[in-house]
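Participant: As given, the protein sequences belong to chains A, B and C, one line each in that order.
Note that the first sequence covers residues 1 to 444 in the working numbering.
Note that the second sequence covers residues 1001 to 1287 in the working numbering.
Note that the third sequence covers residues 2001 to 2336 in the working numbering.
Among the hints, a few may not be true.
To be verified - Capping the alpha-carbon separation at 30 Å, the derived lysine-lysine pairs in DSSO-like fashion look like this: (1) B:K1182 / A:K81; (2) A:K444 / B:K1182; (3) A:K436 / C:K2325; (4) B:K1116 / A:K294; (5) B:K1193 / B:K1250; (6) B:K1210 / A:K336.
Stated by the list, open to error - In silico contact screen, one side only, chain A against chain B (beta carbon under 8 Å); selected entries: (7) G90; (8) K92; (9) G154; (10) C157; (11) S340; (12) R362; (13) G366; (14) P422; (15) D425; (16) Y426; (17) R428; (18) L429.
Said to hold, decoys possible - Not close to chain A: a few residues of chain B, all C-beta gaps over 12 Å, as computed: (19) F1155; (20) D1172; (21) K1250.
Derived by calculation from the structure, the hints in this document are not laboratory data.
We treat Cβ as the ideally placed atom computed from N, Cα and C, and that holds for glycine.
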Amino acid sequence: MLKTFPKGGVHPPENKISAGIPIEIMPLPEQVIIPVCQHLGAPAEPVVDKGDEVKAGQVIAQSKGFVSANIHSSVSGKVLKVDKMLDASGYKQTSIVINVQDDEWLDSVDRSNTLKKEISLTGEEIIKKCAEYGIVGMGGATFPSHVKLSIPPGKKCDVLIINGVECEPYLTSDHRLMLEKTEELLTGTTLLMKALGVSSALIGIENNKKDAIKKLEGLADKYEGISIHTLKVKYPQGAEKQLIKALINREVPSGGLPVDVGTVVHNVGTAYAVYEAIQKNKPLVERVITVSGKNMDKPINLLTRIGTPLSKLIEHAGGLPDNTAKVVNGGPMMGKALGSLEVPVTKGTSGIIIFSEEESHRNETGPCIRCTKCISICPMGLEPYLLMTLTEKELFDRAEKEKIMDCMECGSCSFTCPANRPLLDYIRLGKANVGKIIRERKQK
Amino acid sequence: MSSAVLITIISLSLLGITAALILYFVAQKFKVYEDPRIDQVEAALPGANCGGCGFAGCRNFAEALVKSETFEGLNCPVGGNETMEKVAKILGREAPEVEPRVAVIRCNGTHDNRKKTSHYDGALNCTIAHNLYGGDTDCPYGCLGLGECVDACDFGAMYMDNETGLPVVIDDKCVACGACVKACPRNIIELRKKARKDRKIYVSCVNKDKGGPARKACSVACIGCGKCEKVCNFDAITIENNLAFIDSDKCKLCRKCEPECPTGAILEINFPPRKTEQKKEPEKAEA
Amino acid sequence: MNKLLTVSPSPHEYSRESTKKLMYGVVIALVPAFLATIWFFGWAAIIVTAVSVVSCIIFEFLIQKFILRKKPAVSDGSAIVTGLLLAFCLPTNLHPGLVILGALVAIGIGKMTFGGLGNNPFNPALVGRVFLFLSFPVQMTTWPVPSGFKTSYTDAITGATPLSILNENYDKIAIDKVMADPGLAMPDYQQLFWGNTGGSLGEIAAFALILGLVYMLIRKIITWHIPVSILLTVTVFTGTLWLTNPEANADPLYHLMTGGLLLGAIFMATDYVTSPMSKKGMIVYGIGIGIITVLIRRFGAYPEGVQFAILIMNAFTPLINIYLKPSRFGEEVKNG
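Chain A on its own, in the form it takes in the complex (with noise of 0.2 Å):
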């Protein structure tokens, strides 16, 4: 019996079409847009200026405050302007355009393949590594490395959880990583171990990697402390609540984190991201980025140089087809649809997904026919049909105390609901304000 989460959990169809495709490396763009907040925290601080010559590796906005991450060139060339420029979000934020000359990097990064697996430093200095050169957690959540590894006085950390679930349909990035660039995760994984001073590492995968789990398997033995071990294909195993769960059998409390139950969770790109920061001294500046779809003439995995504009992405990808509605930025559950194709990739994409009409339209909106489907699949065990309602009526209070607030926003509802409410819709508004509420009460 392969191990899982108890409660809730939907499967949606898995179209997992790139997972046979070898990780490419996507040409230089002519031009990147670089925005200077990739992460969860203060946005960095650009210390370039228009005119500057930059070289790849180079640190173009300063991190500001401990949550908050480092920026670094992706690209050698000249910044044509620091200015506000639309990204993934659909607002605007400051960013740093670079006009794209050669591929010049900074001596000190070391570009060859050669797999390094001794580790000099200390733990202290991994975290102080990780947070120059800019490591966030690129599951998609972009929280900073550094803060992550650094384990509040009080609390207690024994073991390391490596999230190679991928539990979203379409994307494959990871998968291609663990298996093209198996040593070098398992050095990652080393890294953050010796960082977080623990002796034991669980790597989780899900059961639809079959080729990824056996070279794993078969490698993780020569690495002290670290096992691999296989999950059932559910969805969100890859939330670090239920992935917890499902190794540990330990639930962080509401309201906490996962440090609160002795563990941190980290996605296997960001353990290869800090093995060639610690290693290679190669800041983030790259990721690999799924582009992929049903109808897509060639879905396939690039290794992308973050700023490079998504409309390059998939021109290489073998161009939008014609019967494309909506394109996504991430997996279809979690991402965001894009209105204009002429943003940059940041640290936290993961994939772009293309969905036809037909794919992508809504059906109409039905009354609530309490058929409770929305709760039987609910992840952390709230009710999705209530939730909704309050935030409509705007009993916001009401909302607080069934803790709307638990909500992850994993999209198993909406995805489930026979009368195609807009559950997520709404429970996301009714956060935003429950959150407000809470933020002044905070204040008084």
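With chain A held as given, fit chains B and C onto it using these hints.
Facilitator: For chains B and C alone, coordinates are given in the frame of chain A:
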């Protein structure tokens, strides 16, 4: 009468009287003393319970009025000065004159002026769309046209014009309660001082982008050029964040600024036509 | 690309499940019971069912279009389900006028006055049924004896049902003697299982109803919680009564297979709109229905108690929804 009927009448009457006595004594014992003026003031209020005064309903407002020493910060926008004078008489105080206001939609991004650049298919709620992205045009500040303000209006003073895609305020019905102002996630609606004959002059734009992108997104956007500010003799116009703002408390409706605007962002409503200058009239969202 | 991109909030993948599919799934689950009933009652069954279903659809359409002035949503199939379930708890010789009246009360009062689909607190079919039962007690308690297609619609030969015989004889004559009395002709388990007994349209064939339950469970239209908790409670309660005093009570298996218990437990109590939302709530609801049903059957004036039991527990559903919430993730840890 048979004894059964007699007994019934007597016993039920006794029961009734006993119950009435118990109720009377309990009501007296647990009576909550309330200033009788609260009832009087409440009767003088419009009774719409719209929350425009900032309190939870007319009774709540009446309590606040009776409790407070002055009328500072206490005003019923629905009843207006007439109502506040009535209340003042009941409480034996002076009611300050408050100038009436009206809600104004500060966006003229009609379907013709502002091109659509994407198709929104989410729930029909402005806040949801606003939280999702900049909107289905290239102006991330402009009206989303989903009618949350119209839904919020308790007085039937607003409707959505399907041809322009913008909400319309019916001046006669608007009581300036502020519900639509609160409802709009983009602070597009403003309560401006009401002038005679419902005349208005205002900048129908809240776009804070630089002139170039603002104009590209919408042909009647304010580009923050400052020409209007230069001609205003009453210091009513300020330019901040690439956006001009006409203060309705200072504006004397002299109409000097309107022809200066190169994009037609300044709208003058309910004025007689000008005798000079054949200026091209932009598409207006007429009230 | 000339067309504009569509933007909507996540998720962008949909299960494409629909209210219509669920309702038609229930209709399919009712087909075995319908076929069994036609076998035993012939044309009468078809006429009553048809009149009920058509009336429900027409009333819902008319009320939605002309009184509520909303877009008629009859195609979602819920009126058809109400029509079928109402028909299935009526005697096969019921006058069509009464059937239509029942449909009007079920849809008009039981469903539409509350705002339509999703808003009614009481099971509409049962509201219609109980209305007819209380207003026309004679017509609603004359049960035709099953004679296949020979059963007349208008002049059926009627007889007592097993439950009504039991009800008459409780605390008067020993029940085991009643069961064995050839004059009373109490059906045996086989007859009850296959349906060769008196009763309403849908309640007679136990096997057909169980087939429907299995179908709905496989298609995930309902979960096991409500039917199982009702039937288990009835088994335990009647079992206790029978074990303590076997001469005065019928055995649990008999209780399970007679009357409208199976129809009620499988199709009526599991109505989405009127049943609780959490699994804990569903079990408490089911236990309540089981207890009240047996109380009415054994100690109350009426021979059958399922209809009242379900309506009474429907009234408790909002309270159950407030107090019995699903367990939240991370809650026990916080409290423990």
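Participant: Compare the structure with each hint and give your call.
Facilitator: Taking the hints in turn, this is what the structure says about them:
Between K1182 of chain B and K81 of chain A the CA atoms are separated by roughly 37 Å; this puts the pair beyond 30 Å, and the hint is violated. For the given pair, K444 of chain A sits about 22 Å from K1182 of chain B by alpha-carbon distance, which is consistent with the 30 Å threshold. Annotation: proposed proximity of K436 of chain A to K2325 of chain C holds, straight-line Cα distance about 26 Å (limit 30 Å). Distance hint between K1116 of chain B and K294 of chain A is fulfilled; the C-alpha atoms sit about 27 Å from each other, no more than 30 Å.
Distance hint between K1193 of chain B and K1250 of chain B is fulfilled; the C-alpha atoms sit about 10 Å from each other, no more than 30 Å. Simply put, K1210 of chain B and K336 of chain A have alpha-carbon atoms about 27 Å apart, close enough for the 30 Å limit, and the pair holds. Proximity of G90 of chain A to chain B holds as hinted, the smallest CB-CB distance being about 2 Å (cut-off 8 Å). Checking K92 of chain A against chain B by beta carbon gives a least distance of about 7 Å; that is within 8 Å, so the hint holds.
At its closest, the beta carbon of G154 of chain A sits 35 Å from a beta carbon of chain B; the interface hint therefore is violated under the 8 Å criterion. Here the hint on C157 of chain A is broken, as its CB sits about 34 Å from the closest CB of chain B, past 8 Å. The restraint placing S340 of chain A at the interface with chain B holds, with a minimum CB-CB distance near 7 Å, inside the 8 Å limit. The interface hint given for R362 of chain A is met, as the beta carbon of that residue sits about 6 Å from the closest beta carbon of chain B, less than 8 Å.
A least Cβ separation of about 14 Å between G366 of chain A and chain B goes past the 8 Å threshold, and the interface hint is therefore violated. At a threshold of 8 Å, the smallest CB-CB gap from P422 of chain A to chain B is about 4 Å, leaving the interface hint in force. With a least beta-carbon distance of about 4 Å to chain B, the hint placing D425 of chain A at the interface is held under the 8 Å criterion. Using the Cβ-Cβ criterion of 8 Å, the hint placing Y426 of chain A at the interface with chain B is satisfied: the shortest such distance is roughly 7 Å.
For R428 of chain A, the interface hint holds, since its Cβ comes within 8 Å of a Cβ in chain B; the closest pair sits about 7 Å apart. For L429 of chain A, the interface hint holds, since its Cβ comes within 8 Å of a Cβ in chain B; the closest pair sits about 5 Å apart. The beta carbon of F1155 of chain B sits about 19 Å from the closest Cβ of chain A, which is more than 12 Å, so the claim that it is off the interface holds. Remark: the non-interface label on D1172 of chain B is consistent with the geometry, its nearest Cβ contact in chain A lying 28 Å away (cut-off 12 Å).
With a least beta-carbon separation of about 31 Å from chain A, K1250 of chain B lies farther than 12 Å from that chain, consistent with its non-interface assignment.
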